[in-house]
Amino acid sequence: MKRRFFAKNIGLATMSSILGAKIVQGNFMPEGYTPLGLQDQDPFSLFDKNKEMVVLNDKPWNIEAKAHLLDDAITPNKNMFIRNNGKLPVNIDADSWKITFNGESVVQEKSFSLNDLKKQFKQYTYQLTLECGGNGRAEFNPPAKGNQWTVGAVHCAKWTGVRLKDVLQAVGIKDDAVYIGYHAADVHLSGNPEKEPISRGVPIAKALQDETLLAFKMNGEDIPLAHGFPLRLVCGGWPASTSGKWLTEISVRNIVHDGAKMTGTAYRVPCKPVAPGAKVKDEDMCIIESMPVKSLITYPKTGAMLKKEQSLTIRGHAWAGELEVAKMEYSIDFGATWKLCKLNKPSNRLAWQHFSAMVDFPETGYYEVWAKATDTNGVSQPMLLPGWNPKGYLNNACHRIAVKIG
Amino acid sequence: MEQPNKFKESAALIRKLSVTLFVFFIAIAGILVYLMVDPSLSAFSSKPETTLTVLETNEIKDDFDAIEDGIHLRTGFIADDGLMTVVNNCTNCHSAKLVTQNRMTKEGWSATIKWMQETQNLWDLGDNEVIILNYLAKNYAPEQKGRRENLTNIEWYTLN
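Chains as they are written, first to last, in our numbering: chain S, 99 to 504; chain U, 36 to 195.
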């Protein structure tokens, strides 16, 4: 099954509407040909995304959702954020796709085709929360460099694949294995084939979890191109950058994986707390592992105006990295008092949990509804920005929406 | 002698007929081919096509680096001294959006350029580096946001 990126995803009518003119003799246009005007592509039709999604960056593609777009229990593709570090791979052939297991700590190098994986190993489906390590970066002060994500770089889709641990067992790993690192088919922005846009990974313990998948389906269908077709590593609860897309290799390492964006300051925070704006040496930066406890009010959309004495039902999701969310609260008086929300159990470990509450307002006027989750270790979301860090990661400050009564 | 004459006449008639048919066919084919090339029959419309083409070309040329309300439309950059140097050096590998969504001090922008040179194949900017740094530090400087900002740009709507 060969995927022609443009030809498959953009119909002639779409091309015409993007170009704002009729494409004369469109019937004679060769398959796979992209008219020059489409070099400024419309990402919404290209990736089948909701028009309300926000494009932060178009080279490489970085697109985020808004809170109210994430209302579904299982996030559909159209509302899933895209975070790319390089250029999308082109002309992917799933039939001849191979994944190779190598590195210092494999007993012997071994490759599998997609069909091998599907036939030789048992398949599992889990709903897994993937949040970008930099979600919420836009709020840090002083500002941190990078894509200025607000709240929408998180999703919880259903992934189907084989357990990485089952495949690693078939390959055979040595006792000195400490980390796995992925390699993929995307292309560095500079076009240099020697450079990888991103090659991250996780410690062996995370790699061997039941929920860590080599996934080939998302929400029951082939994974969309922007989300890693035809094969993606999925490590729920950890920075989404550990869930490598377009997988071609897994290296089993006897050291902490040192691929692109594993070293220096990338996806790292100061090992010890620092003052806002502090300079931190590379050796004092530690790799982010589990993501912190967080929640999002997905209904109603911020800006709702209600009549006096009209109750409001709020709902949303909460998640806590490797942990579960134990308690969910809301406040309409800026944290002076908190009330409990109804909180569901996750559909499986590492899936987000749904919450809801009926909110009554005592008086007419301007309100903010703030939401606060607490994890099973008793750790809650802060109302203010959490500890400043040079790259602006891990902002799990409480989410809030504005409401007017009367 | 009558028979051969009659034969000649018939032959001439057939030849004439076939030539007419051939010309007619060519004409139809010509019209069809023309319709494929120009389905809206624009060549027969009252506006002279040449003028239209010239107008369009001019528009595209003028639009390419158009500036509106102090913004370079094509990239979204703020129009100021050094704009085109920034456009030419900073949008080859990545989007202008990666620049315009960020806020840094001159020191921060300088460190970012150095990082791109060390790890991302950015070329030596030479004399342009000063121009670029001055432009970025002036137009994309950090603002004090405090520890949590007010909610802004709220689109109010009635919820029943």
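Hints are computed from structural coordinates only; laboratory data are not their basis. Everything numeric in this text was worked out from a predicted model, so none of it was measured. Even for Gly, the Cβ is constructed at its ideal location relative to N, Cα and C. You may find that some hints are simply not true.
[What the hints assert, rightly or not] Just the calculated beta-carbon pair ranges, DEER-fashion: (1) U:ASN195 <-> S:VAL372: 20 to 26 angstroms; (2) U:LEU108 <-> S:PRO291: 31 to 37 angstroms; (3) U:ALA146 <-> S:GLY485: 20 to 26 angstroms; (4) S:ASP382 <-> U:ASN195: 32 to 38 angstroms; (5) U:TRP158 <-> S:ASN352: 33 to 39 angstroms; (6) S:LYS437 <-> U:GLU164: 36 to 42 angstroms; (7) U:THR154 <-> S:LEU482: 44 to 50 angstroms; (8) U:ALA172 <-> S:ASN475: 39 to 45 angstroms.
[Said to hold, decoys possible] Here are the simulated EDC-like cross-link-like pairs (lysine to aspartate or glutamate), alpha carbons at most 16 angstroms apart as the crow flies: (9) S:LYS293 <-> U:GLU153; (10) S:LYS399 <-> U:GLU190; (11) U:LYS132 <-> S:ASP156; (12) S:LYS502 <-> U:GLU153; (13) S:LYS243 <-> U:GLU142; (14) S:LYS377 <-> U:GLU142; (15) S:LYS243 <-> U:ASP115.
| request: Indicate whether the distance between the beta carbons of LEU108 of chain U and PRO291 of chain S respects the range 31 to 37 angstroms. | output: Between LEU108 of chain U and PRO291 of chain S, where Cβ atoms are some 34 angstroms apart, the hint holds.
| Does 44 to 50 angstroms hold as the CB distance between THR154 of chain U and LEU482 of chain S, or does it fail? | Check failed, 33 angstroms falls outside 44 to 50 angstroms.
| Taking only the CA atoms, is the gap from LYS399 of chain S to GLU190 of chain U under or equal to 16 angstroms? | holds (9 angstroms)
| query | Between LYS502 of chain S and GLU153 of chain U, is the straight-line Cα distance small enough, at 16 angstroms or below? | reply | Judged against 16 angstroms, a Cα distance of about 51 angstroms means the pair is violated.
| task | Given the hint that LYS377 of chain S pairs with GLU142 of chain U, test it: the Cα-Cα distance must not exceed 16 angstroms. | result | holds (12 angstroms)
| Beta-carbon spacing of LYS437 of chain S to GLU164 of chain U - inside the hinted bounds 36 to 42 angstroms or not | violated (56 angstroms)
| Is 33 to 39 angstroms right for how far apart the beta carbons of TRP158 of chain U and ASN352 of chain S are? | holds (37 angstroms)
| field | Agreement of LYS132 of chain U and ASP156 of chain S with the hint, judged by alpha carbon distance not exceeding 16 angstroms | value | Holds: LYS132 of chain U and ASP156 of chain S sit about 7 angstroms apart, inside 16 angstroms.
| message | Assuming the hint says 20 to 26 angstroms, is it satisfied by the Cβ distance from ALA146 of chain U to GLY485 of chain S or not? | response | holds (21 angstroms)
| Are the Cα positions of LYS243 of chain S and ASP115 of chain U separated by 16 angstroms at most? | The given pair, whose Cα atoms are some 22 angstroms apart, is violated under the 16 angstroms limit.
| Is the distance from the Cβ of ALA172 of chain U to the Cβ of ASN475 of chain S consistent with 39 to 45 angstroms? | holds (43 angstroms)
| message | Between the beta carbons of ASN195 of chain U and VAL372 of chain S, is the distance compatible with 20 to 26 angstroms? | response | For ASN195 of chain U and VAL372 of chain S the Cβ distance comes to about 48 angstroms; the hint is violated.
Violated hints for the displayed structure, listed by number in ascending order: 1, 4, 6, 7, 12, 15.
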